[in-house]
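Colleague: Chain order of the listed sequences is A and B. Letter by letter, the first sequence follows residues 1 to 346 of the numbering used here. Letter by letter, the second sequence follows residues 1 to 373 of the numbering used here.
One or more hints might be untrue.
Said to hold, decoys possible - If the Cβ cut is set under 7 Å, some of the chain A residues that face chain B in the computed set are:
1) G40
2) L54
3) A59
4) L69
5) E71
6) V74
These are calculated hints, taken from the structure and not from any lab test. All C-beta atoms in this analysis are idealised placements derived from N, C-alpha and C, irrespective of residue type, glycine included.
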Amino acid sequence: MSLNPLPVNSSRLGGCTLTGAISVTSHIRDAVTVVHGPKGCSHHNASLLHATWLDNDRALLPELVSTGLSETEVIFGGEAALRQAIAKAAGRNSRAVFVLSTCIVETIGDDVEAVCSEEYGIPVIPVPTAGFLGGTFQDGVNNALIALAGTAGPCRRSAGVNIIGEMNLEYEIDENYAEIARLLSLLGLHVNLRFIHDITYDRISALGAAQLNILRSPSLVPVGEYLKDRFGTPFLPSFPHGLSDTLSFIASVAECCGIDGKGATEGERARQEELIAGFTDLRQSRAALDPSLSGPEDIRAAEELARALGFTPGETGHPVRLPVSAAVGTAGTRRMLHRWRRATHA
Amino acid sequence: MPECDNPLWPCAMTGAAACLAGFDGIAVVIHGSSGCYYYPTTLLHAPLHGTFILENEVIFGSEDRLLEVIGGLSKTGKRIAVITTCVPAILGEDIRSMLEGHDVILVDSPGFSGDIETGYAKALAILEPRTDPGSCGVNIDGVCMFDPFSAGNVQEMVRLFRMASVPVGTIFCQDRLENVHRAAPYTIGTNGDFASGTGEYLGGMLGFDAVRETFTRIGEVIDGSDIGPVLAELDHQEERVVQACDKYLHRYDPPVAAVFGGCSYATFAARVLNQYLDAEICSIGSRNSECDTTFPVARVAGLSQVRDLISAHSPDLVIGSSFERSVCGNAAFVGIIPPLRGSIRLFPSPIAGTNGTLSFIEQVLNACMNKKP
Chain A
1 MSLNPLPVNS SRLGGCTLTG AISVTSHIRD AVTVVHGPKG CSHHNASLLH ATWLDNDRAL
61 LPELVSTGLS ETEVIFGGEA ALRQAIAKAA GRNSRAVFVL STCIVETIGD DVEAVCSEEY
121 GIPVIPVPTA GFLGGTFQDG VNNALIALAG TAGPCRRSAG VNIIGEMNLE YEIDENYAEI
181 ARLLSLLGLH VNLRFIHDIT YDRISALGAA QLNILRSPSL VPVGEYLKDR FGTPFLPSFP
241 HGLSDTLSFI ASVAECCGID GKGATEGERA RQEELIAGFT DLRQSRAALD PSLSGPEDIR
301 AAEELARALG FTPGETGHPV RLPVSAAVGT AGTRRMLHRW RRATHA
Chain B
1 MPECDNPLWP CAMTGAAACL AGFDGIAVVI HGSSGCYYYP TTLLHAPLHG TFILENEVIF
61 GSEDRLLEVI GGLSKTGKRI AVITTCVPAI LGEDIRSMLE GHDVILVDSP GFSGDIETGY
121 AKALAILEPR TDPGSCGVNI DGVCMFDPFS AGNVQEMVRL FRMASVPVGT IFCQDRLENV
181 HRAAPYTIGT NGDFASGTGE YLGGMLGFDA VRETFTRIGE VIDGSDIGPV LAELDHQEER
241 VVQACDKYLH RYDPPVAAVF GGCSYATFAA RVLNQYLDAE ICSIGSRNSE CDTTFPVARV
301 AGLSQVRDLI SAHSPDLVIG SSFERSVCGN AAFVGIIPPL RGSIRLFPSP IAGTNGTLSF
361 IEQVLNACMN KKP
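So that you can see chain B by itself, here it is in the shape it has in the complex:
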């Protein structure tokens, strides 16, 4: 049965909005009530639009209201994208016909159709991303506005690409709309849970090993690139991490860690903790899929499952969202996935790239040491 206590992950409608709102040149319209509109707006901090339908539009049809909103936006010069919410999706209205005569992207992505990744992938597929043989550089993939590290990841990738003299291709999904159709032939990933599938995938950027391997491939395929500075920086920074973790282990036992998150970030965190701190990964609680990893994995959709995993293993380090922080007791905590409530976040921290791993290990060590007597 589908029942679930305190569901931990947003719906497909939010995913579609997170994808489309990342593109400059799209005006996103949430076709639904104000209640459905407010959540993605506050979560994504993006200027979304809404039809804010009322009961009479459910009874008598929402066409007039939808066309009114689209008419108002048509003067902005932006491509309009309409995302359906639960009620309009089942009313039986032919929204596609309503929108005939308007150059509108329609994404049928009601909340009941799945989780955030479902809506994100559906919206991106409708944009029909494709490579352009004339484009050069490497695309940056997995940039989703839902991810609190996405802005930091982009900054970090751009920094590393500059160091390696690699042109930046299309950023999925934080770019100008026209760049969706002229992506570069190659792509690297910052968060595999929101992959675009566009271009030849050269690898991910989560963890030093992944950055090293991926840049080595970049060096092989991108003419004029110089990955030497990136690799040199990696060696230097990895040595700093090794020293800091070794110092920690000199005094303390390795943490027993429970890691919660989307598959991509969770496996990164588990791998890094195990590699540099010899941490025991008692469980990965995956929000979205069965991860391909040697660590023990369980699918976790609701808060009681989080509680059960934590109480079964009594970890002294919990990685996850502020939901996990609320139930992790005295364990040290580091946040890697939304929601990250109850703390002020102004600086765009990365989790990908060299600085992403540095930032993550730094937080882990400080959190663990703050919990020591």
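Isolated chain A, as found in the complex:
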């Protein structure tokens, strides 16, 4: 039996817009997300978020309200159910309600924006999602970030830097954030806002204050462009992956912020050389890189790391497979090296 029943290299694997949007809106602590669709859609996503939050030591549950569409609403329309669910969510002492639709709602033709535009006493913000009819998981993330950014007005510029579009379902999200914060601190910079990760609704108003936006990945460039148009904030398109990319990242941030980054870059280079010196035992390894779950930038970073270690990865059929992961910064590279050493042991 095939254990990999997915179509290979297919655009069909983009995931659900709703899941992407919920991964963003559920990180506004004092807001409620209404999912306009069958209960199952909310359950699936609540269960997924529950699992990933527990993995990140957050023993909370997302605040989701489902309109619970059944066959009756599918036939006669679900706008009344949506109105009632928004009213219920608005009555929960929350600061805002985000309304996300599903593919079934898109198909039956409910006018979600019209229902959201009614008066509920607090902001009710529709986020363009429609399950797979709205695009992919990443489209859901981008749409949610743009919809939330639209609630922020202009504000006074500060010395801080925004982190944009962290992958809230990522296992090592906090470790990756800590590494970026550390790299920024080498230049004397601090994080203004994690947009959006575990913040309150009111904090969104600080979005325009940053002097630079750092995107988690290049797939967020439409969000970066939107923020550049809205607030005039430049952006870097990605967290750094691997050794040289991390050094380039420090230099780019310094240049964008008008800082002399030479000392910080050299200090980080020395740190990386020290790191490599601690893993020279891997030079003797007879192993191959396992690129199966990685993007091209991760593979490039892993190949560079192998070269720095002075060992040549073998053919992909080699029995010892070194896991290649999205190693963010020098700290992420260190964790990947420990996994490589583990792979040579077991």
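Since the structure of chain A is provided, determine the placement of chain B on it from the hints.
Modeller: Frame of chain A, contents of chain B only:
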């Protein structure tokens, strides 16, 4: 109105997948988007297939895509089962006609049509399970891949059947597909929420009393069976439970317990807690139906109802899923239903049979004692 906060139970499509994916010999195809595909795949840990339809197939029709996927799977030698998700179910396409000429099982089980039990029952009914007078032994019922205890339950039932020299009939739903049509005449249950209704039901296997009664009936109807070793083990293990619980009660008051779950497991847990620990069952929060029990029962579909019940009764022991664990505060917690997130589960623990009750009581006592000062 149907609105519900943080719905606690999966949809009918997931139930249909949980049923069909348990049979070796079926290739399950989720006819829908990748988003609908991912959830049952991650939940069931089964090699499901998908059509991964896109917007243009919603507009222009999904027939070509469906036939493409079925064509690819037709070379596997497996019977193909197609489960419809919400959007394909309302597009008005005649999927049955599309599939004419292919030996395909079609289950119209969109998420909006009900909860997991609805889809599970519908899919199983379409397979038309039936007994074969020539088959011997006893079927094992209620084995649903959604249930994290299902693998452990099967192992435990097979162990007990071996002890009693009882042949294992068909396992619903974790068996070869052809065995669906040659089930044994008798059936025992491990989880009544996922009953097949096939064969003469001899009883359940949740709790020592139920195991004892059911094996007594097995002994009466199965020629050549020897239930003596099972009953002897039951007596021995029940005595151990009694001693452990008595020791606990020597020192501590009985727990006040709120029990959440599917009706079958929840009533088992409440019964056992009451019987061996004199626990006060302040409420059973049933995920799926009004349970037939003397304990107070409420239907619980969303997380706010869980919160309300817990805050109304302040239990010091909560039985349920990791959803309940997230809102139970300082109460001791034991998981009996999915999702059971945030902990690593490698060993196939049972909840049915002798070892199932032992395992459950062991977890309860340890959880309660860990919360004591």
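Colleague: Starting from the hint list further up, note which numbers the structure goes against and sort them upward.
Modeller: Per hint list: zero violations.
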